[in-house]
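Chemist: Read off the chains here:
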Amino acid sequence: MASWTDFFGGFKLTLRHIGRPNVTNSYPEVKRPKQPRQHGRHVLSRYEDGMEKCIGCELCAGVCPVGCIYVRGLDNPADHPVSPGERYGYVYEINYLRCIHCDLCVEACPTQAITESKLFEFSFTNRADAIYTKPQLLVDDNGFPQRLPWEDWREGEAAMTGGWMRATAPAGDASFEGVVQWSGDLGAGVRAPEAGQSGNRDDAATGTKDIRTSFSRHMSTESQLQEDQGLASFLNAFARRGGKKESA
Amino acid sequence: MMFGTVDPMLSNGTPGVILLIVLLKVVIGFAVAMAAVIIMVWFERKAISDMQSRIGPQKWGPFGLLQTLADGIKLFFKEDIIPQEADRFVFKLAPYLVLLPALVTFGIVPLGGTVTIAGHAIELQVANPPMGILLMLAMSGISVYGVMLAGWSSGSKYPMMSSVRASAQMISYEAALGMSIVTVVLITGSLSTHDIVNSQGGVFWHWNLIRLGFIPFAIYLIAITAELNRPPFDVVEAESELVGGFHTEYSSLRFALFFLSEYMNTVTQSAIIVTLFFGGPAGYVPNIPHLRWAFPILWFVAKTCIFAFCYIWFRASLPRFRYDQVMELGWKRLIPLSLGWMLVVAAFLVSRSWGFGTLSAVIFASSLLSRSFQIGDARDQSPESVLPTVAQRPIPGAVIRELLDGEEEI
Chain U
1 MASWTDFFGG
11 FKLTLRHIGR
21 PNVTNSYPEV
31 KRPKQPRQHG
41 RHVLSRYEDG
51 MEKCIGCELC
61 AGVCPVGCIY
71 VRGLDNPADH
81 PVSPGERYGY
91 VYEINYLRCI
101 HCDLCVEACP
111 TQAITESKLF
121 EFSFTNRADA
131 IYTKPQLLVD
141 DNGFPQRLPW
151 EDWREGEAAM
161 TGGWMRATAP
171 AGDASFEGVV
181 QWSGDLGAGV
191 RAPEAGQSGN
201 RDDAATGTKD
211 IRTSFSRHMS
221 TESQLQEDQG
231 LASFLNAFAR
241 RGGKKESA
Chain V
1 MMFGTVDPML
11 SNGTPGVILL
21 IVLLKVVIGF
31 AVAMAAVIIM
41 VWFERKAISD
51 MQSRIGPQKW
61 GPFGLLQTLA
71 DGIKLFFKED
81 IIPQEADRFV
91 FKLAPYLVLL
101 PALVTFGIVP
111 LGGTVTIAGH
121 AIELQVANPP
131 MGILLMLAMS
141 GISVYGVMLA
151 GWSSGSKYPM
161 MSSVRASAQM
171 ISYEAALGMS
181 IVTVVLITGS
191 LSTHDIVNSQ
201 GGVFWHWNLI
211 RLGFIPFAIY
221 LIAITAELNR
231 PPFDVVEAES
241 ELVGGFHTEY
251 SSLRFALFFL
261 SEYMNTVTQS
271 AIIVTLFFGG
281 PAGYVPNIPH
291 LRWAFPILWF
301 VAKTCIFAFC
311 YIWFRASLPR
321 FRYDQVMELG
331 WKRLIPLSLG
341 WMLVVAAFLV
351 SRSWGFGTLS
361 AVIFASSLLS
371 RSFQIGDARD
381 QSPESVLPTV
391 AQRPIPGAVI
401 RELLDGEEEI
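Chains as they are written, first to last, in the working numbering: chain U, 1 to 248; chain V, 1 to 410.
Just to be clear, a hint being listed does not mean it is correct.
Subject to a maximum C-alpha distance of 27 Å in a straight line, what follows is the list of computed DSS-like cross-link-like pairs (lysine-lysine) [as the list claims (entries may be wrong)]:
#1 Lys59(V) / Lys46(V)
#2 Lys12(U) / Lys46(V)
#3 Lys46(V) / Lys31(U)
Hints listed in this document are in silico derivations from the structure and should not be mistaken for laboratory results.
With the hints as extra help, turn the sequences into a complete structure.
Modeler: Structure follows, in structure tokens:
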């Protein structure tokens with residue numbers, strides 16, 4: 001029922017927003033945690049013993065809808081093999097002027113060699129830099145992706161490369177949800193499965209940060225969680241802040 | 001004496017000290033006004049971004065305080081474009097016609113109490129002319145010229161249309177504005193801003209806000225928001241819908257002058273509201289030796305800040321009025337209301353019996369007026385009431401006969 005005091009509703013709303021946290025942040029300095037399954041810059045993984053996972057099968061190049069991947073395989077040298085298989089990726093190039101980050105290459109890869117990190121903030125200034133070659137894509141000896149001068153890496157962006165893949169089995173069968181079907185990575189070991197649609201996620205194990213919390217207090221009341229509604233939200237926010245301080 | 005013919009104030013052997021003080025007041029007043037504008041722009045951007053859950057300016061200076069300065073420097077170095085069709089002289093003149101009134105109006109606002117320097121009691125006010133508040137009305141009249149000429153001299157259709165809209169709006173609201181000022185002048189018995197402030201005393205129930213019964217203040221606040229072309233009455237500029245209003249063709253420093261004067265007017269009008277209705281620098285002064293002079297200034301600044309915030313709050317909260325709504329509010333509501341209230345105040349100042357008599361007359365008249373508005377609104381105002389639609393218009397028989405080529409009889 002509309003009453004004449006509704007006129008002041010707008011004034012009340014704007015005044016209330018002064019006390020709320022800002023939705024925007026100082027972007028280049030402060031970055032919001034990225035979505036757990038963000039598609040970003042590719043990473044070529046290695047096994048825990050340091051061997052490369054790529055076997056040079058060119059399936060990624062074949063599936064790529066924009067044709068930005070160029071792979072050439074070569075037989076492993078007998079005295080110092082690069083990958084555990086018969087062949088290895090001799091040339092591996094991705095043209096980031098074309099890549100649309102659809103992750104189909106990650107899906108196609110039979111050995112989970114090509115994965116995607118969450119990094120999308122890399123701005124090169126010439127065309128040569130746009131083409132990433134194998135030494136740039138391959139993880140270094142610690143198991144971390146190379147950090148090129150024009151890339152802006154932040155914490156957690158390389159933690160779960162190809163994270164979405166670990167929500168279900170690589171084959172996409174929902175009954176394999178939470179079952180480890182992938183090989184270990186250099187540096188990281190066998191990565192924990194990310195919870196899929198069942199919702200029993202272990203954010204600490206997968207390094208996932210919930211982006212919802214930073215927006216929750218700006219959502220309309222219906223779409224907010226129960227704990228973020230009304231007066232309880234202030235208490236909960238206070239409690240969350242206290243908890244963060246302890247963990248830090 | 002040399003200045004004798006110029007200014008009677010200087011003819012009677014005015015000591016140089018007073019001349020120096022006047023000069024100093026002008027310089028300080030100008031500096032304060034400029035600083036106030038810079039802070040006002042920053043405050044507006046910061047407050048409105050908080051209301052919209054944004055951060056606002058933050059890169060230049062602490063909390064982005066120097067952002068306005070940076071913008072000013074940027075505008076200064078931009079290319080100054082004058083359209084080919086423009087009337088060059090008037091085009092260059094117009095920004096100053098808007099800026100100067102804004103600066104002059106700031107001069108009549110009493111910023112604080114009285115300070116004694118070198119044996120001279122100095123009012124913290126750039127000038128205290130006897131015509132006082134009338135000067136403000138005159139200046140706002142001149143700034144209408146600035147807006148009008150800016151649009152006209154641009155030699156472009158849209159600024160022209162916008163300036164017509166702007167000046168129509170500013171003139172319409174000036175009537176209600178003047179009428180609510182008249183109530184203040186009536187109760188004070190003087191036009192001088194200094195006297196207006198002094199008559200209100202220190203305690204808040206002596207303020208004109210309470211003494212005049214809130215209505216003149218409300219009318220003034222609404223009318224001045226429209227006069228300043230600020231949201232929700234910013235149909236003149238409507239930056240999200242129109243190109244930019246009357247200053248569309250202006251660029252570089254000339255645009256900066258318009259921008260500057262707009263914000264200076266906002267600050268000045270916040271100060272004028274405080275002067276007229278909120279006792280100016282009046283307020284509690286604790287008995288601290290050597291610091292007593294500072295408290296009126298603090299009170300004045302605090303009160304002005306509240307109104308500066310109000311303008312920003314309006315902008316963040318209220319949607320823009322349609323142009324006919326702006327005109328309807330001005331002519332049908334505010335002008336009759338302010339006129340009636342002025343009559344009631346005047347009558348109460350004569351005697352109580354006159355007051356109640358006028359009050360009942362005004363109530364009767366306003367009920368008549370509202371009934372006439374009702375009848376007017378109920379009238380059929382659709383386009384069909386003026387001109388029937390094509391389907392409804394009778395078709396001339398000759399045309400039909402020609403179409404049918406005489407095959408059928410009608």
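Chemist: For each hint, tell me whether it holds in the structure or not.
Modeler: Evaluated hints:
no. : hint                : in the structure
1   : Lys59(V) / Lys46(V) : holds, 12 Å
2   : Lys12(U) / Lys46(V) : holds, 18 Å
3   : Lys46(V) / Lys31(U) : holds, 21 Å
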